[in-house]
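**Student:** With the hints as extra help, turn the sequences into a complete structure.
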Amino acid sequence: MLQVKVIRDDKKRIINGLRKRNWSAQQLKVLDQILDTDDKRRAAQKDLDDLKSETKQLSNQIGQLMGQGKKSEAEALKARVGTIKEQTKVLEEQFNSAKDALDELLYTVPNCPHKSVPKGKSSEDNKVFRNWNKPFPTLPSDAVPHWDLGKKYQLFDFELGVKLTGAGFPVYRGQGAKLQRALIQFFLDQAIKAGFEEVIPPLLVNTDTARGTGQLPDKEAQMYTCERDELYLIPTAEVPVTNILRNEIIPEKNLPIKMTAYTPCFRREAGAWGADVRGLNRVHQFDKVEIVQVEHPDRSYKTLQQMLGHVSRILNKLELPYRILLLCGGDTGFSAAKTFDFEVWAAAQQRWLEVSSVSNFEAFQSNRMQLRYRDADGKINLAHTLNGSALALARIVAALLENNQTPEGIQIPKALWKYTGFKQITLNGKG
RNA sequence: GGAUGGGUGGGUGAGUGGCUGAAACCAUCGGUUUGCUAAACCGACGUACGGGUAAACCCUGUACCGCGGGUUCGAAUCCCGCCCCAUCCGCCA
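Quick note: the first sequence, position 62, residue 212 per our numbering, numbers continuous.
Since the hints were derived computationally from the structure, they do not count as laboratory data. Just to be clear, a hint being listed does not mean it is correct.
[To be verified] Below 30 Å or equal to it, Euclidean Cα-Cα: the simulated DSS-like pairs (lysine-lysine) are:
#1 K190 / K239
#2 K161 / K369
#3 K277 / K467
#4 K467 / K328
#5 K162 / K452
#6 K284 / K452
#7 K179 / K271
#8 K369 / K271
#9 K155 / K408
#10 K265 / K452
#11 K271 / K162
#12 K301 / K580
#13 K343 / K408
#14 K573 / K301
#15 K161 / K269
#16 K161 / K196
#17 K452 / K408
#18 K452 / K529
#19 K190 / K206
#20 K301 / K568
#21 K239 / K249
#22 K467 / K580
#23 K284 / K467
#24 K155 / K239
#25 K313 / K328
#26 K313 / K301
#27 K269 / K155
#28 K161 / K179
#29 K221 / K202
#30 K277 / K265
#31 K235 / K206
#32 K369 / K162
#33 K249 / K155
#34 K170 / K277
#35 K271 / K161
#36 K162 / K269
[Claimed, not checked] Per label pair, the in silico range of CB-to-CB distance:
#37 K573 / K301: 18 to 24 Å
#38 D199 / Q520: 20 to 26 Å
#39 N397 / Q176: 35 to 41 Å
#40 E254 / D379: 22 to 28 Å
All figures in this text were calculated on a predicted structure; none of them were measured in a lab. Cβ atoms here follow ideal geometry from the backbone N, Cα and C, with glycine treated the same way.
**Tutor:** Okay, here's the thing in structure tokens:
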């Protein structure tokens, strides 16, 4: 969430930012409500603290009087404390209700987009940040989409997934399973080489963790829940990995902190099913290698660019046509200040598939989870958090299969050979 | 799942009703000493939210000893509920 202090001191900038998210004048009124509520909270705290201070002093006096055996004087003071306590109760309620109201209001305000984020309503308005200027792969005349290839070469099986779980939970098998594992290994190696520390986090998280990165309350419907144990299946490794540093104060010299993790991701995708959703284009469970950075505010945008470079290099090595989009205000996620999406070209479907989303959250997440750093002067500030997919598997597989299909089989990019152990996917499954 | 014992500051750990935001030790940082290092000695060393102020390396208030509630003039300390952890038993990859 945004800091009240920032809303107060930098209101114009916030208003301009939220306008890029197409906030109406009506919606923007919440900012004034926030400031009003914060004023109330502060006023109540002042009065409350004064009363508590008085109570404390009187209590100390009572203690001393009792020690001296001056019982009647002590009793008189006790009576005074009694009346103060009644006022305290009233103020306490005011204070608490103001505090709760403030939090609730703050939870409704998304992050303020960076000044470089374009205005726009939907994905239609995203800007192509870097286009693919080379030719697309030319496919044989009998080329088919990946879901047909999956059947033909027995790489994954959706019907079997339905039997075991439900729609959108594919079973990978044979060379399909091995390709999946090879990609994970490849992505992890790339991240480790780039200086990220590998972690293997839990796949189930508690409510504090889900709140830390903004899944609660913003995206609760996106997550699978284990209600009995009050746990959530992670929709992305970002959630457990970023929360590793929740409530921590990091020495400035330790920044940036770079972590990577492979995890399966679970997404309910409620209401997201439409015409374009076939095969691996959208599934409830997919594998992903995530990169996370905690960075000094002064450097976070430079770091964001570096993360784009990392993802680009991987896609180059996979020889996949891709483009980078700068998301417009209307399409930028609730918690993000700036987001780039990577899309790869799936040649048989003749469409772009989103395979990575790289974002700078600035202090939005760290404010929620109190993730801070201590600078050289000993001052404590909120750190910036960033993360990106590097990369998300299911759609990468889809593009890889479609683009590399030949009459002899599906060709595996060279960079993966040492991970797959085969150079092509063939009907007999022997490569 | 059953039994027992626990949750105190970065760590170890004292503290069973007021003088405890919390001893002591360790770690860390600054200084003195020193050919260098080490040792020794001295000092500093929580966080949040407020107020003084628009601001401070300044002063000050409140809260926080797992979480929530209760008793009391006063709670780390007593009572109730919850959560978590350790160990043993059971079960099990």
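**Student:** Can the restraint linking K269 and K155 be considered satisfied, given a maximum Cα separation of 30 Å?
**Tutor:** holds (25 Å)
**Student:** Is it true that N397 and Q176 lie within 35 to 41 Å of each other by Cβ?
**Tutor:** Distance hint for N397, Q176 holds at roughly 36 Å.
**Student:** For the pair supplied as a hint, K161 and K369, is the alpha-carbon distance within the 30 Å limit?
**Tutor:** holds (26 Å)
**Student:** Need the status of pair K313, K328: alpha-carbon distance at most 30 Å?
**Tutor:** holds (22 Å)
**Student:** CA of K161 to CA of K196, is that 30 Å or under?
**Tutor:** Cα-Cα ~25 Å, so holds.
**Student:** When you check the alpha-carbon spacing of K467 and K328, does it fall within 30 Å?
**Tutor:** Holds, at roughly 18 Å.
**Student:** Has the given pair, K277 with K467, been kept, meaning a C-alpha gap of at most 30 Å?
**Tutor:** holds (25 Å)
**Student:** Decide if the proposed pair is consistent with the structure: K301 and K568, CA atoms, cutoff 30 Å inclusive.
**Tutor:** holds (25 Å)
**Student:** Measure nothing beyond the straight line between the CA atoms of K573 and K301; if it is 30 Å or shorter, mark the hint as holding.
**Tutor:** holds (19 Å)
**Student:** Need the status of pair K452, K408: alpha-carbon distance at most 30 Å?
**Tutor:** holds (14 Å)
**Student:** Do the alpha carbons of K343 and K408 lie within 30 Å of each other, as the hint requires?
**Tutor:** holds (12 Å)
**Student:** Given the hinted pair K161 and K269, is their alpha-carbon gap at most 30 Å?
**Tutor:** Between K161 and K269 the Cα gap is close to 18 Å, so the pair holds against 30 Å.
The structure is consistent with each of the numbered hints, conforming to all of them.
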